[in-house]
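2 protein chains.
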Amino acid sequence: MSAYHPLTEQEAIQIAGSLEGFFPAGAALQCREIGDGNLNLVFHITDSISGKSLIMKQALPYAKVVGESWPLTLDRARIESEKLLLEGKLAPGLVPVVYKYDAELALTVMEDLSDHIIMRQGLIAGTRYPKFADDISTFIARTLFFTSDLGMNQQDKKMQVKAFINPELCKITEDLIFDDPYTNSPNNSFDPAIQDAAEALWQDNGLHFEVALLREKFLTNAQALLHGDLHTGSVFVTPASTKVIDPEFAYYGPIGFDIGAVIANLLLNFAGQEHWTADADQRGDFRRYLTDTVRDVWNLFDKKFRALWDEHGLDRIASETPGYKDYYMNRLLQDAVGFAGCKIVRRIVGLSHVIDIDRIPDAAVREKAQRLALTIGTSLILNNRKTQSIEEVIELANSAASK
Amino acid sequence: MSAYHPLTEQEAIQIAGSLEGFFPAGAALQCREIGDGNLNLVFHITDSISGKSLIMKQALPYAKVVGESWPLTLDRARIESEKLLLEGKLAPGLVPVVYKYDAELALTVMEDLSDHIIMRQGLIAGTRYPKFADDISTFIARTLFFTSDLGMNQQDKKMQVKAFINPELCKITEDLIFDDPYTNSPNNSFDPAIQDAAEALWQDNGLHFEVALLREKFLTNAQALLHGDLHTGSVFVTPASTKVIDPEFAYYGPIGFDIGAVIANLLLNFAGQEHWTADADQRGDFRRYLTDTVRDVWNLFDKKFRALWDEHGLDRIASETPGYKDYYMNRLLQDAVGFAGCKIVRRIVGLSHVIDIDRIPDAAVREKAQRLALTIGTSLILNNRKTQSIEEVIELANSAASK
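Chains as they are written, first to last, in full-length UniProt numbering: chain U, 1 to 403; chain E, 1 to 403.
It should be emphasised that the hints constitute simulated quantities derived from the structure, not laboratory data.
A few of these clues could be false.
Chain E stretches covered by chain U per the calculated footprint, using a threshold of three residues with CB under 8 Å from any CB of chain U [what the hints assert, rightly or not]:
id	region
1	159 to 168
2	171 to 181
3	215 to 222
4	313 to 327
Backbone N, C-alpha and C define an ideal beta-carbon position, used for all residues, glycine too.
With these hints in hand, go ahead and build the complete structure from the sequences.
What follows is the structure, given as structure tokens:
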């Protein structure tokens with residue numbers, strides 16, 4: 001079974017059963033393939049008698065997106081597995097436990113999180129997650145600080161950069177986030193109703209200038225080992241627990257990219273509330289919960305990252321020079337704001353959308369939400385290098401929503 | 001002979017004789033070890049009858065600096081050899097030809113450039129190199145553009161980043177250029193006469209702030225494949241020819257670092273002219289030649305890099321967005337100015353000095369040259385992020401020299 005091939009459910013059961021000490025001997029395992037089939041197979045394996053279960057994720061050698069098939073390296077399974085293990089060390093309890101990685105089969109066997117739900121679905125259902133801001137800020141502060149030149153041996157960091165070179169997955173981001181939405185690309189996909197707004201993106205030189213700078217940072221700025229795809233579809237939650245999954249886009253990039261992904265997806269849900277909460281007062285309340293979460297995520301990240309720097313900073317001149325830390329943190333905020341804007345825009349006009357917006361059934365309401373998201377996204381991009389406080393992001397979202 | 005060991009002259013002759021088609025069969029080769037023994041063995045092998053000759057450079061597994069011995073990876077021989085071959089393709093005629101690379105022995109066999117001299121020595125002797133600015137600007141423009149995200153496939157670039165991860169050599173730069181000179185480090189070395197000036201460096205928070213930013217760029221900004229040590233001791237010249245050697249510090253870093261190295265070393269010689277040209281008029285003339293060269297190097301680089309971008313630019317949004325190219329080029333100038341400043345300062349108070357200054361026999365004149373270099377260096381660092389034109393660099397050097 002060792003040469004690579006997509007596993008059958010029967011084979012998945014066989015591998016799961018052979019995991020030492022996990023399932024009781026002779027357990028009658030059940031298996032269900034629950035992946036969306038685009039990039040990976042995902043097997044959910046359960047033993048109804050002991051109640052034990054696990055997940056097996058196997059990378060497929062291609063990506064299926066809107067019918068097209070792109071070849072994709074299986075090495076991303078190694079990257080995902082190594083990144084998960086590292087995250088588990090740096091931010092214990094905030095990622096699924098990895099039980100086994102099989103390089104040949106591009107297979108990661110890990111903790112079953114079926115008692116959690118995907119945060120995007122939770123937010124759409126109007127659920128609040130009181131632990132999320134604290135948990136996700138711990139996750140990003142610790143995984144980013146301890147893989148940066150500030151918090152890890154700078155020579156070891158270079159070897160880690162080497163281990164996480166990830167050209168194919170980076171190219172997906174480079175194309176879909178930092179190029180296509182700003183030109184009449186065949187990869188784009190948007191409702192005909194907002195053709196005018198899409199065309200406006202293609203013609204805005206000021207916007208292109210900022211996107212070109214952000215793209216350059218994504219291409220060149222090896223600040224820390226990113227998750228690389230930290231949207232609310234990569235977070236499993238319960239009101240009491242947060243688990244970050246799917247780090248196959250991991251590579252050394254700009255810290256603001258991970259933070260921006262979290263902010264962007266909270267604000268995409270904010271825009272989608274046009275529909276999901278019909279009552280205007282309740283909608284205002286939930287939007288306030290979302291912007292409070294944006295504020296808390298940044299402020300808690302800022303506080304925790306600074307505390308780690310104070311306690312574990314390894315770069316003498318960066319740690320000792322007055323003013324440097326403030327300047328550094330403000331640039332992270334500015335980068336996060338710019339990247340958040342790019343991540344919002346692409347979810348409206350680019351190839352890959354979010355259900356917070358796309359599942360709004362009423363066309364007129366959906367269009368309103370799309371235009372609101374585009375207004376927020378482009379404003380964040382245009383203002384990123386001027387931003388001095390997370391409050392500006394919240395004001396900008398509220399002001400766009402009140403129009 | 002294949003297992004690694006430092007070669008004897010006899011073994012070097014044997015290897016040279018076995019190079020297919022280079023020396024006539026049965027030639028009586030002569031060998032002289034001409035390295036300084038700090039990092040490498042360098043064998044000069046000649047056949048007096050045919051007049052043919054070559055150089056064999058073998059990496060040593062340690063660096064001897066001021067008596068200390070640091071272990072150093074032999075992998076730098078691979079990096080040097082691969083970088084030389086790449087430079088030869090991108091900037092033909094401006095580097096020695098590589099005849100052979102032996103990974104096991106960490107040995108590169110290459111073109112003999114004995115008809116050239118080390119540029120630093122030439123400048124000290126008052127020689128002008130009318131082709132230098134044109135040649136070196138071609139070298140940096142082409143080697144940097146075609147290894148950047150602007151001029152090479154962005155996925156291939158990532159694999160090249162991986163191949164040129166160079167932690168140990170980078171650490172030398174990180175310590176000796178971006179840390180030690182700004183603190184009372186045991187690695188520092190300077191004339192007791194300028195103790196006050198050295199201490200002033202250790203206490204200047206404004207300077208530390210800029211150095212911390214430049215250090216951060218060196219650590220994180222994977223813009224292009226640098227030479228990494230492009231001072232005038234790494235350039236062989238005749239009035240009609242320029243050959244860049246010794247790229248063992250190569251890694252993906254900020255483009256301005258290579259440009260700044262050239263500018264810094266021209267300005268170190270400028271400071272040293274306090275002694276080397278005794279006649280005040282002649283001194284002014286040679287200094288003008290040096291600042292003209294600084295101007296030409298930048299302006300020609302700027303022109304050539306832009307032309308390459310216009311003709312071979314591969315990044316759609318970076319190429320098409322109005323204003324982006326100007327902004328990018330101005331940042332390269334600013335980075336070059338900042339890095340030039342750091343490279344000047346470290347040659348006065350840091351571990352490794354330059355003979356343009358150190359060989360000035362008269363203590364008072366030497367002190368004047370050292371203080372002049374420090375004034376120029378610190379001014380460049382403090383002004384780097386404001387710089388809009390290379391003329392500011394020249395004015396700053398002239399104004400410091402006229403005091």
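Enumerated hints in conflict with the structure, sorted upward:
none
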